[in-house]
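Q: Given chain X's structure and the hints, the job is docking chain V onto it.
Sequence lines, in order, name chains X and V.
Take the first sequence: its letters are residues 41 to 525, numbered as in this note's numbering.
Take the second sequence: its letters are residues 592 to 1396, numbered as in this note's numbering.
Just so you know, the hints here were simulated from the structure itself, not pulled from any lab data.
All C-beta atoms, glycine included, are put in the ideal place defined by N, C-alpha and C.
Careful, some of the hints might be misleading.
One-sided excerpt, in silico: chain V residues whose CB lies under 10 angstroms from chain X [unchecked claim]: (1) 632; (2) 644; (3) 1044; (4) 1242; (5) 1277; (6) 1316.
With a straight-line Cα cutoff of 30 angstroms, these simulated DSS-like cross-link-like pairs (lysine-lysine) come out [claimed, not checked]: (7) 1387/V <-> 237/X; (8) 237/X <-> 775/V; (9) 1204/V <-> 835/V; (10) 1204/V <-> 495/X; (11) 132/X <-> 633/V; (12) 1380/V <-> 749/V; (13) 411/X <-> 495/X; (14) 1121/V <-> 633/V; (15) 775/V <-> 992/V; (16) 136/X <-> 633/V; (17) 775/V <-> 998/V; (18) 237/X <-> 1121/V; (19) 749/V <-> 495/X; (20) 627/V <-> 132/X; (21) 749/V <-> 1014/V.
Partial pick of chain X residues on the chain V-facing surface, computed with a CB cut under 8 angstroms [claimed, not checked]: (22) 128; (23) 148; (24) 192; (25) 196; (26) 197.
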Amino acid sequence: MNSDAVRFLLNNDVVTIENIDPNLTVLQYLRDERFKNGTKEGCASGDCGACTVVLAELNNDNETLNYKSINACISFVGSLHGKQLITVEHLKQGAKLHHVQQAMVDNHGSQCGFCTPGFVMSSFALHKQNSSPNRAEVLEALAGNLCRCTGYRSIIDAAMVSSEDAEDDSFAQHYQQSVKHLQDFKNLPAAQLCNAKHQYYAPKNTAELAEKLLNSPQATLVAGGTDLALMVTQNLGTIADLVYLGDVAELHTLENNADEFIIGSAVPYTTFTPMLHDEYHELGEMIERIGSRQIRNNGTLGGNIGNASPIGDMPPALIALGADITLQRGDVERKIALEDYFVGYKQTVLKDAEFIKNIYIPKAKTGQILKLYKISKRIDDDISAVLAAFFLEINDNLVTNVRIAFGGMAAIPMRAKQCEAALLNKAFNRENISAAQQALTLDFQPMSDVRASDKYRMKVAQNLLQKCYLELQNKTIETRVVNYA
Amino acid sequence: MRSLIDSKHSNENLNNKDINHEAATVGLGGVGRSKKHESADKHVSGEALYIDDRPSLRGQLHAAVGQSTIAHGMIKSLDLTAVKAAEGVVAVITVDDVPGHTDIGPVFPGDPVLAIGKVEYVGQPIFAVAATSYDLARRAVKLAKIEYEELEAVLTVKDALAKQNFVRPPFTMQRGDSAAAIAKAEHQLSGEITVGGQEHFYLEGQISTAEPTEDGGLTVFSSSQHPSEVQKLVAEVLNIPLNKVIVDTRRMGGGFGGKETQAAPWACIAALLSNETKQPVKFKLSRTDDMSMTGKRHPFENNYQVGFDSNGQIKGINIEVNGNCGYSPDLSDAIVDRAMFHSDNAYFLDQATVTGNRCKLNTVSHTAYRGFGGPQGMMTIEMVMDDIARHLGKDPLEIRKINLYGKDERNVTHYHQTVEHNKMAELISSLEANSDYQARRASISAFNNENTILKKGIALTPVKFGISFTVQHLNQAGALVHVYTDGTIHLNHGGTEMGQGLYTKVAQIVAEEFQVDVDTVGVSATRTDKVPNTSPTAASSGTDLNGKAAQAAAQTIKARLIAFACEKYNVTDDEVSFSNNQVMVGAETFSFAEFVQQAYMGRVSLSSTGFYKTPKIHFDRATGKGRPFFYYSTGAAVSEVLIDTLTGEYKLLRADILHDVGHSLNPAIDIGQIEGAFIQGMGWLTTEELVWNEQGRLLSNNPATYKIPAISDTPSDFRVDLVPDDPNREQTIYNSKAVGEPPFMLGISVWSALKDAISSVAEHKFSPALDTPATPERVLWAVEEMQEKARANKTKQDLSTNDKA
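So that you can see chain X by itself, here it is in the shape it has in the complex:
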């Protein structure tokens, strides 16, 4: 294997790392190896945002940069390869605060100050992409940052201060230089990192990936790492052989064809979501409630599927849409329906040395509609108690096609086939909906856990079917708290 050290820009300086534990997170690297203490550890699980840093990456044009916020606490240090890592200490120029920092001071946006560097970095990333964000854009960008002191009003005001007339920061001043470095990094061979016990390898194409997996079938695949990293930071586990998918070119496919979308398994949510939003508006809105901006900047569809969590939000939606996935092992590729991928709690049909390549999402035909509902305790950044996905085709008030899938109701994301049967080829009316609600009790025996009771899960699943019916009957009524303004 042709491979080389991990290279990236730390702020505006080129850094090369070689003999370092690849299980190290970016946060540990910054604090313990570089003594950069501005980035804080609040939870070490990607839930609070105190560790937010910003990555700059080349856009597809290879000439401009995309700035994105990520959780340093659940990103492995190897994933920095080829990118620019920006930390809070480097926003200030001399004694002069960066404009997003000054806005926080002017609006009294910090109290205890511990969450503040994270908010500053999320706001910095937002302003790099959008100099005059509106309230909704601010909320979306900062929903992954928790503050326990302020109640957020002052922080929202600070983030909404326009930076249109602001002076160039040091990253704007060094922009061309940064682009040049990142272009150079792109030409490097696959990145590798190892210490005595652990290794990390970032293949650049599926051939390298397939070869590596055939040679090391026990290797652990990591894409965004937003869940896998918890195994290290929370469960105190170690991962001997990490294979990073973020640099595999073919896994970054993004196709918008006449009748389907094709999404590479390593494409982060924030990259593919805009494409889906126009076709499936409710899917776009639901994705904005998956994790936080930081999570969606790193998290991938392949990861969400590969992880096989019973409470992942995308699988039920994609099962309802009839999505397929391709799996590759060596040079053999197979295509299966996503719903056939999950076989039991955290168990899938994925073979040793096999990886998820692409996700195929069919577009809606005339008369087909997707209705999606995410139920959680908190609106922002919360794991669903229930995720309901209804895909319906209704012609002359007759249900001619129906696929219904739920998350949080069983050990795997699963279709509600009895419920579907109660609706298919029947009139779309209250009576049949009522029967379909009853049928859900045949489909599922949900669990009680920290998020909800079994009774609530069932009741809400039934009520969501009713809500879906009411919304389709009368498209003008207000029915959703989340969207209410």
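A: Quick look at chain V alone, frame taken from chain X:
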């Protein structure tokens, strides 16, 4: 000879003043102005140092503790062989290795620093490890082999009550004959409510470092609201005198009461391991360990019986509050007392009996949390207000108003303190008008008539919160002020900075005394060797106590400067004045720095301590009578919510707050406290759910499962006003009022508004039971309860109509 004054610096200060319009126009030290937080620039740049950010010392080790995996039992055997042999482990200690006290209970005994043969909750520390890294220490503690003999665990309040399992004896406050008054009243109602606890979720977790000093002592850096207590407990566990222990707290990344007593165990363990190894030791709790091993806001189960007239005015009431204290007393006696003191909130209870039980359960020991039992006490009476209103078919606001304390009559609490300077009625009227309450109530009714799935609700609830530690001796504070020969000032006091802006406010007070820019007042870490024997920064009293102490210190120095001016320039003291960074002596004007230098040359002491103790307060617990509170802080909030009757999901649409902080020392900081407290209070009552399983293990032990408010939970329409021109009538610091805790309870308006929306499902004929936290699940069940009652009621009406027919 070099001049004593670096004149460049002092001139720069003067020049800057001309540019700084805000400073130039007011010319005061800063009291009453929205000065930014003293660390704001450091917060936003990442330069503010928290304990975990301090440079590692040579040989620094990291601590972790082995925890009980059961809720109650005896330790049969403890095999630490594998722990001792684990990579990186330098020392392993158990309670047998503690040279001094083994109990670190803050008020009453009951909290072993490491388990003594018995464990009483899941997560209780049994042994401690020092290792060469944070990860190695955490991994090593998992290797212990522990055998237990399990004992029966008490895991519910009801079980504790049935078994009379208490950490402290019950206590009753009484005024008049409530039973007779209830019986005699036109109407009677009763009810009960379960009020959930709350995780503090300070963003910076618990952390301490301990470094050995040359004389067998220790310097401890602790993220603590109570450095003096950490000092005392560290000295006690090591069996060394207090003067060998220094505790330093520059800032906390949030406290909220969670670092009042709960910071000490980790400091003590770090100190024990440091003493054992003679190396520096850092002990940082991981988030999950922090959430599992530290106490929370007490969950309560309360009930009431009330008698009232047809206007809804209370004639008599019995209230029982049952606090889940966890396994040890900690601060629970005072916390349940405060729940009892606040069982009236803003209302005259007339004939009242309030009983408080301190239930012992096999969970972590619950502790101080913003409001200190007050919020849990208020929930009962606010439930009573809603219940009476629904019973009589009136707007709950009308019931709340008719029950408010009067000015000259109906003004004595159930603990016999007279409510003075009471402007609650005016405050509510003002908020009702400014928030457009009545018009919105009408438009909400219209909305609810048109919408079958979504329903709106609105509620106005008041807060009256007593200010002072109810433990009298804690109401004291000290400060230390130095003036240097360049005119800069060094300020230190016993209060700790946890984000509430205490350092900023006290610096403003000192700057005000000397009439200098607040920037010339340098604040420094709270340290037990600078100001001794301090009280915790708690009970909202930080500014009241430390501000007064610092003012006293500044005034002492100022008096010396005036006396010196009189003597040197042969003027009377009314000819000496301080203004705009200058000292005017007769016809002459000096810069403050210049004059300070003269005083130094004239051998005037430029350093002073200051001390303050709160006047007027007393309480006799034997009779349940007295004046525990120096004064009351008041406020009110109107919340408007939207609920989904099919899912129980909800959203706060708008909040209007009017809060009384007296003469605000810093309006921006006060508004920040009010907004933050309101949202935190809302979180407590809505999404923040603590879930223990049947074995007593906390399941919601990380931020993925425990949901504090996030940014979208803040209402898009959020209006916060301070009551204008209303100085505190008591002689507090610049006639300000405490602000830390009182606005927390404004969050109750969100809960009441949710109930209003739920109640609308049955045309407000019934008062829904809504235990807290009111998660979407609980809201949905409450909606279902209302729908059932509405159906039953309709059937009843139909039947009676049929009968008549």
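Q: Now look at each hint and say whether the structure bears it out.
A: Cross-check of the supplied hints:
1. 632: holds, 6 angstroms
2. 644: Holds, about 4 angstroms.
3. 1044: holds, 5 angstroms
4. 1242: Holds, about 5 angstroms.
5. 1277: Since chain X brings a Cβ to about 8 angstroms from residue 1277/V, closer than 10 angstroms, the hint holds.
6. 1316: Not OK, violated: residue 1316/V not within 10 angstroms of chain X, min 22 angstroms.
7. 1387/V <-> 237/X: Between residue 1387/V and residue 237/X the Cα gap is close to 75 angstroms, so the pair fails against 30 angstroms, i.e. violated.
8. 237/X <-> 775/V: With Cα atoms ~80 angstroms apart, residue 237/X and residue 775/V exceed 30 angstroms; violated.
9. 1204/V <-> 835/V: holds, 27 angstroms
10. 1204/V <-> 495/X: Since the Cα atoms of residue 1204/V and residue 495/X sit roughly 56 angstroms apart, the hinted pair is violated (cutoff 30 angstroms).
11. 132/X <-> 633/V: Roughly 11 angstroms separates the two Cα atoms, so the pair holds.
12. 1380/V <-> 749/V: holds, 27 angstroms
13. 411/X <-> 495/X: Roughly 23 angstroms separates the two Cα atoms, so the pair holds.
14. 1121/V <-> 633/V: holds, 24 angstroms
15. 775/V <-> 992/V: Holds. Residue 775/V to residue 992/V sits at ~23 angstroms (cutoff 30 angstroms).
16. 136/X <-> 633/V: holds, 12 angstroms
17. 775/V <-> 998/V: holds, 26 angstroms
18. 237/X <-> 1121/V: violated, 49 angstroms
19. 749/V <-> 495/X: Since the Cα atoms of residue 749/V and residue 495/X sit roughly 24 angstroms apart, the hinted pair holds (cutoff 30 angstroms).
20. 627/V <-> 132/X: holds, 18 angstroms
21. 749/V <-> 1014/V: Outside the cut-off at roughly 39 angstroms; violated.
22. 128: With Cβ-Cβ at 4 angstroms, under 8 angstroms, it holds.
23. 148: Interface hint status for residue 148/X: holds (5 angstroms vs cutoff 8 angstroms).
24. 192: holds, 4 angstroms
25. 196: Result: holds, 7 angstroms to nearest chain V Cβ.
26. 197: Because about 10 angstroms separates residue 197/X from the closest Cβ in chain V, which is outside the 8 angstroms limit, the hint is violated.
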